[in-house]
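**Student:** One letter stands for each residue in the lines below.
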Amino acid sequence: MGVGTFFTSKLDEAIGWARKYSIFQYPFVTACCGMEYMATACSHYDVDRFGAGLPRFSPRQADVLFVVGTISHKMAPVLKRIYEQMCEPKWVVAFGVCTCTGGFYDNYATVQGIDTIIPVDVYIPGCPPRPESVIDGLMKLQDKIAAGAQRY
Amino acid sequence: MADARELFLSEGVPSGGDGSQHLHVNIGPAHPAMHGIVRIFAELDGETVVKTDVEIGYLHRAFEKDCEAGPYNNAIPYTDRLNYVSPLINNFAYSSAVEKLLGVEITDRCKYIRVIMSEISRICDHLTCVGAGSMELGAFTVFLYMIKAREFLWELVEEVTGARLTISYGRVGGVKADLPAGFDLKVKKAFAETRQVLEEVHTLVTGNRIFMDRMVGVGALSREDTIAWGITGPLLRAAGVPFDLRKTQPYWAYDRIPFEIALGKNGDNFDRYLVRMAEMEQSMRIAEQALDGLPGGAIQVDWEGKAIPPDAYVDLGKQGKTEGLLLMPITLSPNLQGQDRGAHDRVNVHDKRVVLPTKADTYGSIEGLMNHFMLVMDGYGIRPPAGEAYFAAEGANGELGFFVVSDGSDRPYRVHCRPPCLPPVAALPKMIEGEMVADIIPTFGSVNMIGGELDR
Amino acid sequence: MDGTAILARLRERLGDRLLATHEYRGDHTAVVSREGLVAALSLCRDDDALAFDLLVDVTAVDYLRFPGREDGPRFEVVYHLYSIGHGHRVRLKVPVEQDDPVVPTATGLWPIANWLEREVWDMFGIRFDGHPDLRRLLMYEEFEGHPLRKDYPINRRQPLIGPKV
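Protein chains in written order, with our numbering: chain A, 1 to 152; chain B, 1001 to 1456; chain C, 2001 to 2165.
Bear in mind the hints are in silico, worked out from the structure with no lab data behind them. Where hints are given, some of them may not hold.
[Unchecked claim] Simulated restraints on C-beta separations:
#	chain 1	residue 1	chain 2	residue 2	range
1	A	L11	B	A1312	34 to 44 angstroms
2	B	R1209	A	F57	37 to 47 angstroms
3	B	A1312	A	K10	50 to 60 angstroms
4	C	R2135	A	P77	44 to 54 angstroms
5	C	Q2098	A	P89	53 to 63 angstroms
6	C	G2003	B	K1188	37 to 47 angstroms
7	C	H2022	B	R1209	23 to 33 angstroms
8	C	G2130	A	P77	25 to 35 angstroms
9	B	K1265	C	G2130	45 to 55 angstroms
10	B	K1188	A	G148	50 to 60 angstroms
11	B	A1360	C	I2154	35 to 45 angstroms
[Stated by the list, open to error] Below, simulated EDC-like cross-link-like pairs (lysine to aspartate or glutamate); rule was C-alpha separation at most 20 angstroms, straight line:
#	chain 1	residue 1	chain 2	residue 2
12	B	K1051	C	D2053
13	B	K1186	B	E1288
14	B	K1148	A	E132
15	B	K1247	C	D2053
Since the model is a prediction, treat every value here as computed from it, not as a measurement. All C-beta atoms, glycine included, are put in the ideal place defined by N, C-alpha and C.
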């Protein structure tokens, strides 16, 4: 391993470290999971200590798209447009079982998992997931961000 | 409504005689102040809103069709997710509608438990509404304080039901299980914390110049309009009409518990905020009185003989100290479902057609086993006679009604939920036309639109 | 006013436009014909003794699979009314045939009927004659069919984007 590779790999690690502790999330909140999202973001289960406490309510300013709550077929084009408006590097977290697989809403109105529309990085199942699960998912996301893996 | 191309071409359509042009702005559905799922297509003249079109349906999850697909108790998890900030009220209102259809009367203790849990849920709903509304106006501290109070209440709900949010606690004929031991002390502690939070919020926001400027006189709806638009709940009470289903058509144990109705005067956003704050205090009062008057006595279970807690029992067994262990009674919490005949019978109707027998009966006697079989197998189960019934409870937003039609089989033929937040959202154009764009935010916040209930 | 008195007053004023009345589990119901619907609703709202000023709900039921009612009219539009002054309730039902699913609108009497009837149109396909703006409320415009009808399968998906599974 040459000296050049040492510096770039250290640089990558440094960038990964900086990125993972400054997550600007776009909480795309639709349904009940939003209540647990609020609980995770507030004082009791503080997500700000992970550097993820500032939600940017515009996709242009965000890098992690938290899809929180059931996505119906009426909402799906809106979700896709929001995802496309974000610039790279971006990650998507499927929060709640409705976004992972459609949950128990196997009917005419619900998208059976948002990974049929946009690529997803971390799946947090639960109906709704407890804040501890959310924090676990967030830490897994941080590992992924630090590793620099991007799937387009 | 208009797609992107129409929007672009129609922008600047001349209107108004002075040559000014109106602007079309699309607010939502992915907008934080719209709580993610309502689209307001507004036509603006500068900052003033001239015309709006409100579009909903972005969270339609086919609740009514899903309820037809399974037996009566299967609809309970779907009802949790209707008004997901006060799920217990939905559970109990649906169960009461089916009980009305069956002609079954629940036990007294169950009525009191439903009242206590409903009031705790109502406080959670108002905390979330006022907190989120204040956050959208910029008072982020109020939001953090109210969510902190909500956490204390969710700990209470978790003690009783096992989950924080989607609890599926109600059952047709009763509730899942009794309250746990020591619940009244925990409630006292949680309410003390909540009262402190309400005090702090009052000092922060109620007399605050900025808050009052943004909320007083904004989004007002006259008394006649409010009734004509079918609006009930805190918005109707803020307009001065003392209509509360808990007083006018009392159900469960509300006729035995005195409390006051909070009334406003002008029907504007500030009055709605004050009504909600007052209602939280009244809800705490109701829950405390209900706990004091709980029939069936205190929540402790009486056991004869020496009783040991279950973890000690397991430890003794592991250590090999098994002499006489089989004869010792174990103190299990009364809020474990199906485990103890006494606790089960206190909160569930003694009706074989409706309520599952306890574990002791199911495994211990042939009648219990057959009863369990008849209630659980496909095609059997709870079968109300053919007919229809409508039951209305006072939800956090107003009259929450369930219209259940039965065809005599074990599946509901039709379940319809009358959402209390649909009329205010339908009346939203009336509330915001003529106001400024910035007034849409507090008005929408005070309407407390809950998507699960609105779109079902 | 007690429920039987309400039904008696309706019967006295509506005559043969009132097809049937019944009471079940404390709920009083009047079945009116389609032609008499607007008269019945106006009577309910404007009569001093009835004074039903709150239109609580408008919904519908599809009796296609109901055992014993397969030959009768397929739909029934159900109106729930409440009087804030008197504190009483009533339910009005209108039978609607499958080939001619049209009912006069109640928007002129209560403005909330606008959205409630839009929802019935969306979910059941029952048109409301005279409605100012009858379009879908909960589903998107491109959706075909009316989902709460009994012959619409629960998991027939018509996605706007994404796979058709």
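**Student:** Does the hinted range 23 to 33 angstroms hold for H2022 (chain C) and R1209 (chain B) at CB?
**Tutor:** Roughly 58 angstroms apart at Cβ, these two residues miss the hinted range, so it is violated.
**Student:** Has the hinted range 34 to 44 angstroms been met by the Cβ atoms of L11 (chain A) and A1312 (chain B)?
**Tutor:** violated (58 angstroms)
**Student:** Range hint 44 to 54 angstroms: satisfied by the CB atoms of R2135 (chain C) and P77 (chain A)?
**Tutor:** About 18 angstroms separates the Cβ atoms of R2135 (chain C) and P77 (chain A), which means 44 to 54 angstroms is violated.
**Student:** Does E132 (chain A) lie within 20 angstroms of K1148 (chain B) when you go C-alpha to C-alpha?
**Tutor:** With a Cα-Cα distance of about 16 angstroms, the restraint between K1148 (chain B) and E132 (chain A) holds, given a limit of 20 angstroms.
**Student:** Can you tell me whether the CB distance of Q2098 (chain C) to P89 (chain A) sits inside 53 to 63 angstroms?
**Tutor:** holds (56 angstroms)
**Student:** K1186 (chain B) and E1288 (chain B): Cα distance at most 20 angstroms?
**Tutor:** Given that 20 angstroms is the threshold and the Cα spacing comes to 11 angstroms, the pair holds.
**Student:** Cβ-Cβ distance between K1265 (chain B) and G2130 (chain C): within 45 to 55 angstroms?
**Tutor:** For G2130 (chain C) against K1265 (chain B), whose Cβ atoms are near 36 angstroms apart, the range 45 to 55 angstroms is violated.
**Student:** Check the following: the C-beta atoms of G2130 (chain C) and P77 (chain A) are separated by a distance inside 25 to 35 angstroms.
**Tutor:** holds (33 angstroms)
**Student:** Starting from the range 35 to 45 angstroms, see whether the pair A1360 (chain B) and I2154 (chain C) falls in it by beta-carbon distance.
**Tutor:** Given range 35 to 45 angstroms: holds, Cβ gap about 38 angstroms.
**Student:** Using the beta carbons of K1188 (chain B) and G148 (chain A), state whether their distance is inside 50 to 60 angstroms or not.
**Tutor:** holds (52 angstroms)
**Student:** Given the range 37 to 47 angstroms, decide if the beta-carbon distance of G2003 (chain C) to K1188 (chain B) lies inside it.
**Tutor:** holds (43 angstroms)
**Student:** Take a quick look at whether K1051 (chain B) and D2053 (chain C) sit within 20 angstroms of each other, Cα to Cα.
**Tutor:** violated (27 angstroms)
This entry does not satisfy hints 1, 2, 4, 7, 9 and 12, going by the numbered hints stated previously.
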